[in-house]
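Colleague: Residue numbers (our numbering), protein chains in the order written: chain A, 1 to 302; chain B, 303 to 421.
Quick caveat, the hints were computed from the structure, so don't treat them as lab data. There may be inaccurate statements among the hints.
[Stated by the list, open to error] Taking CB as the label site, the calculated pair distances span: (1) B:Asp323 - A:Asp25: 18 to 26 angstroms; (2) B:Asn354 - A:Arg239: 25 to 33 angstroms; (3) A:Glu30 - B:Leu414: 51 to 59 angstroms; (4) A:Asp25 - B:Tyr392: 45 to 53 angstroms; (5) A:Asp25 - B:Ile322: 42 to 50 angstroms; (6) B:Asn354 - A:Asp212: 18 to 26 angstroms.
A virtual CB, placed ideally from N, CA and C, is assigned to each residue, including glycine.
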Amino acid sequence: MTRTVVRASGLTKRYGSFTAVDAVDFTLEENRIYGLLGRNGAGKTTVMQMLTGQIFPNDGELEVFGRTPAEHADVLRRLCFIAESQRYPDAFNAAHVLKAAPWFFENWDAAFADRLVHDFRLPLKRYIKKLSRGQLSAVGVIVGLASRAPLTFFDEPYLGLDAVARQIFYDRLLEDYTEHPRTIVLSTHLIDEVANLLEHLLIIDQGRILLDRDADEVRGSATTVAGGRAAVESFVADRAVIGREGLGGLASVTIDGRLDRADRVRAAELGLELAPVSLQQLIVHLTGADLRAGTTEQEVAA
Amino acid sequence: MDESRPIFIQIAEQVENDIIDGVLREDEQIPSTNEFATFFRINPATALKGVNRLVDDGIVAKRRGIGMFVTPGARDRLIERRRADFATEYIRPLIIEAEKLGIDIDELAGLLRAERIQS
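One chain only, chain B, in its complex shape (with noise of 0.2 angstroms):
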C-alpha cells in the first residue's frame, strides 16, 4: 500500500484495475470486505470504504444477501474515466521532465515510439 494515499481509494482502484485488466469480468462477484481486510491486512471498516466508492460509482452493485458483483459497462465507463485523466495523470509530468532536460516534442515522440517497440 502507497502511503500517499487514503487506503479505501487504493482497494477501489485494485478493483477497477482488476475489471479492466479482465480479471473480474462483468457480473462476475468480488472479493468481501472482510476478504480485503485479512489479504491486505487493514481494517474492515476501510475495506468497506473503498467497496462503497465503487458501488457509489456504479462499477459494482450489491446482491442482496450474496454480495458485490461488476455491474455490465463496467469496464467501458472505467477506460473512459481514466481516458479522461491520462493528460494530467501521465502527459503533464512527463512534459515537465522533458522540459527539464531539454527534449523537444519531437524527440520525445521518436522516444515514445522507440519505447513501444521495445516493449
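Only chain A is shown next, with the shape it has when bound in the complex (with noise of 0.2 angstroms):
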C-alpha cells in the first residue's frame, strides 16, 4: 500500500492578474521519484514553494502529510527544498551550513555528508559568497541528499554543475534512494539526463498540469514518422498527431500512441523512417506549441 503525501486540488496561486498556478488537481505518492517538468515561467517553483509553506495559495485544497504545510512545524521538518540559488548567511563557508544542517532535519546523516563533499571536492573552509557557481550547487546537492527528508524537492539544483558533478549527484541519489526510499521531486530542463531516474512524471505548462503519468508509459509512446510525404500522410492517417514538419515532398509526423508489429513492418513497407521521440522530445512537442505558431505545418492533437 502506497500512502499520498501531498494531495492538492484546484491548487492556484495568482500575481496581481497574472495567474502562475491554474486551478491544478495532483497527488505524491510515498516513496516514489517525480520529474516536475516544463519551460521556464511554466509555474513549477511556484507548486514547490506552495508545498513547502513558503508561499500561499489564493484557491484550492492543499494537504502536504495530512495537514496544510505553513505554520505546521511537524509538517516542516518532514520536508526539503533545495532552490535553483540557495541563499546562506555571508559569514557562513560550507562546514557551517553542513553543522546547522541537522537542527532542520532529523534524519541528516552527517557521514553521507562528508562523503559527499569529498565526491563533489567541495572546499568547506571556504565562505559561501567566494565558491564557485557549481560549488554553490553542490552545497545545495549535498544537503538534499544528506537530510533524507521524506520530501525533498530539487528545483534545478545545478546551475554550474559540469557533467561529472551532475553524474555523481545522479548516482549517489539512486543509490541512496534505494537504501533509504523517499519521495523525491525533481524540477530540471535536463530532462534527457534524468529520464531513466523518475518514476512519474507531471509537466506542467502555463500553470496547468499538461500530463500525469508514469514514465514508464510515456517512454517510447510517441514517434516521429519520416519520409514522402503522401505515404507519411497515409501512415498517421487514423492518429493522434502532435508534431508535423515538412520540407518539400517530404514530411517529418509526431505522433501519439505505441506502434506495434504490424505497423513497423507497414513502416518499412511505405519506405518511412521510424524516430523514437525522447521525453526531452516530446516536452518540447507538447509544451513548444505556441512557439511554431503561425507556421503552415503547425497542428496539433486534440
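Assembly of the complex is requested from the two constituent chains, each provided in isolation within its own frame, with the hints serving as guidance.
Modeller: In C-alpha cells, the structure reads:
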C-alpha cells in the first residue's frame, strides 16, 4: 500500500492579474521519484513553494502529510527544498551549513554528507560567497541528499555543475534512494539526463498540468515518422498527431501512441523511417506549441 | 538503453539474453531490483517491473527471503518463443530490404550462406 504524501486540488496562485498556477489537481505518493517538468515560467517553482509552505495559495485545497504545510512544524520538519539559487548567511562557509543542517532535518546523515563533500571536492572552509557557481550548487545538492527528508524537492539544483558532478549527483541519489526510499521531486531542464531516474512525470505548462503519467508509459509512447509526404500522411491518417514538419516533398510527423509490430512492418514497406521520441523531445512537442504557431505546418493534437 | 521501448522490457530482455547465452543458468539467482537500478541508472520501480515481467512469464521465480531464481526449463521456453518471433522480427524486414534492392530469394540465400562462412 502506498500512502499519499501530497494531495492538491484546485490549487491556484495568482500574482495580481497573472495566474501562475491555475487550479491544478495532483497527488504525490510516498517513496517515488517525480519529475516536475516544464518551461521557464510554467509554474514549477510556484507549485513547490506552495507545497513547502513558503507561499500561500489563493485558492484550492492542499495537504502535505495530511495537513496544510504552512506553520505546521511537524510537516515542515519532514520537508527539504533545494532552490536554484539557495541563499546562505554571508559569514557562513560550507562547514557551517553542514553543521547547521541537522537542526532542520531529523534524518540528517553527517557521514553521508562528508562522503558527498569528498565526491564533489567541496572546499569546506571557503566563505559561501567565494565559492564558484558549481560549488554553491554542490552545497545545495549535498544538503538535499544528506537531509534524507521524507519529501525532498530539488528545483534546478545544478546550475554550474559540470557533467561529472551531475553524474555523481544522479548516482548518489539513486543509491541512497534504494537504501532509504523517500519521496523526491526533481525539477529540471536537463530532462534526458534524468529521464530514467524518474518514476512519474508531471508536466506543467502555463500554470496547468499537461501530463500526469508514469514515466514508463510515456517513454516510447511517441514516434516520429519521416519519409515521402504522401506515404507519411497515409501512415498517420488515423493517429493522434502531436507535431508536424515538412520540407518540400518530405514530411516528418510525430504521433502519439505506441506502434506494434504490424505498424513497423507497414512503415518499412512504405519506406518510412521511424525514430523514437525522447522524453525531452516529447516535452518540446507538448509545451512548445506556441513556438511554432503561425507556421503553415502547425497542427496540434486534439 | 534504447529510447524507443520501455526500459522495463529491455531489463527483462537483458536477463532473457543472459539465460539463452548461458551466462545465467537454471536455478541461479538473478541480480536484485536495486542492483539493476544502480547498474543501469534507472528508477528501482522500473527495474521491478522488468523482473515482474519475467515472473509473469515463468522465467524466474521468487524464493522467499532470498531473491529471484531462474526456473527449470526457462532456457528452452525462451528459445522456443524467440524462434516463433524470428520470422516477423528478422526475416520479414530482410526480405523487404532485399526486394527494394532487387535481390531475389536465391541470391539472398547465397548471401546468407556466404555471410555464415565468414563469421
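Colleague: Now look at each hint and say whether the structure bears it out.
Modeller: Verification of the hints:
At about 48 angstroms, the CB distance of aspartate 323 of chain B to aspartate 25 of chain A disagrees with the hint of 18 to 26 angstroms. Our hint of 25 to 33 angstroms for asparagine 354 of chain B and arginine 239 of chain A holds, since their Cβ atoms are close to 30 angstroms apart. The given range of 51 to 59 angstroms is respected by glutamate 30 of chain A and leucine 414 of chain B, whose C-beta atoms sit roughly 55 angstroms from each other. Here the CB-CB span from aspartate 25 of chain A to tyrosine 392 of chain B is close to 47 angstroms, well matched to the stated 45 to 53 angstroms.
The hinted window of 42 to 50 angstroms between aspartate 25 of chain A and isoleucine 322 of chain B holds, with their beta carbons roughly 46 angstroms apart. Checked against the hint of 18 to 26 angstroms, the C-beta distance between asparagine 354 of chain B and aspartate 212 of chain A comes to roughly 23 angstroms, which is consistent with it.
Checked against the numbered hints above, the structure violates only hint 1.
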